[in-house]
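Given only the sequences and the hints, what does the whole structure look like? Please build it.
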Amino acid sequence: MEFKLDFGYLVEIIPELLSFIPLTLFLAVISMIFAIIGGLILALIIRSNIPVLKQLATIYISFFRAIPTLVQLFLIYYGLPQIFPALTAMTAITAAILGLSLKQAAFLAEIFRAALNSVDKGQVEACLSVGMTKAQAFRRIVLPQATRNAIPATSNIFIGLIKETSLAFTLGVVELFAQGKIIAASSLNFFETYLALALLYWFLIIIFTMIQQALEKRMEKPYIS
Amino acid sequence: MKRKIALIISMALLLFLAACGGTNEQSKDSGNSEKSEEKKVIRAGSTAQSYPNGYEENGKLVGFDVEVFEKVAANLGYEVEWVKSDFAGLMGQLETGKINTVANFVAVTAERKDKYNFSEAYAYAGATIVTHKDNDYDSLEDLKGKTVSGVLGSNNVKNLENYDPEIIPKTYETRDGAMNDAINKRVDGYVNSKSSLIAEIAKGDLPLKFVGDPFVYEDIAFPFVKTEEGEKLSKDFNAEIQKLREDGTLTELSKKYFSGEDITVKQ
Numbered sequence: 001m002e003f004k005l006d007f008g009y010l011v012e013i014i015p016e017l018l019s020f021i022p023l024t025l026f027l028a029v030i031s032m033i034f035a036i037i038g039g040l041i042l043a044l045i046i047r048s049n050i051p052v053l054k055q056l057a058t059i060y061i062s063f064f065r066a067i068p069t070l071v072q073l074f075l076i077y078y079g080l081p082q083i084f085p086a087l088t089a090m091t092a093i094t095a096a097i098l099g100l101s102l103k104q105a106a107f108l109a110e111i112f113r114a115a116l117n118s119v120d121k122g123q124v125e126a127c128l129s130v131g132m133t134k135a136q137a138f139r140r141i142v143l144p145q146a147t148r149n150a151i152p153a154t155s156n157i158f159i160g161l162i163k164e165t166s167l168a169f170t171l172g173v174v175e176l177f178a179q180g181k182i183i184a185a186s187s188l189n190f191f192e193t194y195l196a197l198a199l200l201y202w203f204l205i206i207i208f209t210m211i212q213q214a215l216e217k218r219m220e221k222p223y224i225s
Numbered sequence: 001m002k003r004k005i006a007l008i009i010s011m012a013l014l015l016f017l018a019a020c021g022g023t024n025e026q027s028k029d030s031g032n033s034e035k036s037e038e039k040k041v042i043r044a045g046s047t048a049q050s051y052p053n054g055y056e057e058n059g060k061l062v063g064f065d066v067e068v069f070e071k072v073a074a075n076l077g078y079e080v081e082w083v084k085s086d087f088a089g090l091m092g093q094l095e096t097g098k099i100n101t102v103a104n105f106v107a108v109t110a111e112r113k114d115k116y117n118f119s120e121a122y123a124y125a126g127a128t129i130v131t132h133k134d135n136d137y138d139s140l141e142d143l144k145g146k147t148v149s150g151v152l153g154s155n156n157v158k159n160l161e162n163y164d165p166e167i168i169p170k171t172y173e174t175r176d177g178a179m180n181d182a183i184n185k186r187v188d189g190y191v192n193s194k195s196s197l198i199a200e201i202a203k204g205d206l207p208l209k210f211v212g213d214p215f216v217y218e219d220i221a222f223p224f225v226k227t228e229e230g231e232k233l234s235k236d237f238n239a240e241i242q243k244l245r246e247d248g249t250l251t252e253l254s255k256k257y258f259s260g261e262d263i264t265v266k267q
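If you read the sequences in order, they're chains A and B.
Taking the working numbering, the leading residue of the first sequence gets 1, the next gets one more, and so forth.
Taking the working numbering, the leading residue of the second sequence gets 1, the next gets one more, and so forth.
Mixed in with the good hints there might be a few duds.
[To be verified] Listed next, the in silico BS3-like pairs over lysine-lysine satisfying Cα-Cα at most 25 angstroms (straight line):
1. B:K185 / B:K71
2. B:K209 / B:K256
3. B:K71 / B:K232
4. B:K71 / B:K209
5. B:K255 / B:K209
6. B:K39 / A:K4
7. B:K232 / B:K39
8. B:K226 / B:K71
9. B:K209 / B:K170
10. A:K4 / B:K209
11. B:K203 / A:K4
12. A:K4 / B:K235
[What the hints assert, rightly or not] Just some of the chain A residues that point at chain B, by a computed CB distance under 8 angstroms:
13. T88
14. T170
15. I182
16. F190
Treat the hints as calculated values from the structure; they're not laboratory data.
Ideal Cβ positions, reconstructed from N, Cα and C, are used throughout, including at glycine.
In structure tokens form, the structure reads like this:
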């Protein structure tokens, strides 16, 4: 079988694939929001040295960084309902978002912890010396600097998350990659379909990178003299 | 100070939980509204990646198993709701009651019989091996010590191991991986049901040829869970499958999808 690329077919299926981008983005963005909230809470707990809570957070991070995402999704969607029958009502999309955000929260906690540690202790002491409360110091001085430092690594997590949403197909959520597989299986044009998918994911990441750069530029403002 | 941090953390935790709870409630609501609207809905699983058993054409799920199932369900007065997922996911959904059955060329095996209530067989599958045209394997004997690809959960791999332990099986998640590696000569053969292979080769004009005859035949049926509801469904389905077999609908559907082959009678 000599190789020939059916370029017309590649173009033809792009509109069909495009219609699945909203679902992929929805899964990624919602999971990311929950993951950021969860990651921040975990990072604060670890830094605050509150007994018991700190140990629990450490166990959480260790567990969710360790297990493969697919295993986790299976556990949540197929395993939990066998222990708690009420959970059969959970939709596949909810399970996917839950699984992805629980996992990424653990990774983000480490990134946030590093970012918070990157702000020198002396700055907080300076804040306190001019009469700010600890909360004010955190909000006005520590958080803005930590955020700036956390953006590149956090963006990496989000880019990974966009691609990890394809695991939701195992739970019956047909998103971008799943639809690609379905199209390829019926037309047998595997190469064209996967190439179209690659281009679409690339396009998504290009757009996101632009947003990231704009965000970084804004955070950079106070440093430009 | 510590108290304040603890307060912030607990508030944030609450927020997180509330947010999670929110999505859960939402999903429950939509589940309920689905239930109240439904008259008689039956949920069935398909990989939508198994040509010609279940695949998409112009955005619509079609295929032999899909159409057989829809005919039976329609005659019983059900509206069909399809769930698309990989095979392992489908079996998980069946087990947890998220779908009623899987209409994806599921073979009846002893282990599966222990676990599920199977309907009557609506087709018979002969597991066969194909190889690249360039290879000169003529019988299964020639494949001793060679690698043969197959699909996870399809049962063909297990049958092959039982038939001849000297043939080395290689398992793939989906058919396209198993098939493409045979086409690219990364494996020496590819095992699947003869009917699917005939259809795939015809559709893609693939450089594959059959090696010998099917080495095992299996019943293809719809699995239901072992509950009262599952038992009732399989009984209802049995009657309808028999009717469709008698009036020739099954044969007609088989010929439509399998290049004129009738896979609904035992060979």
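>> Which constraints among the numbered hints does this structure fail? Numbers only, ascending.
In response: 1, 4, 6 and 12
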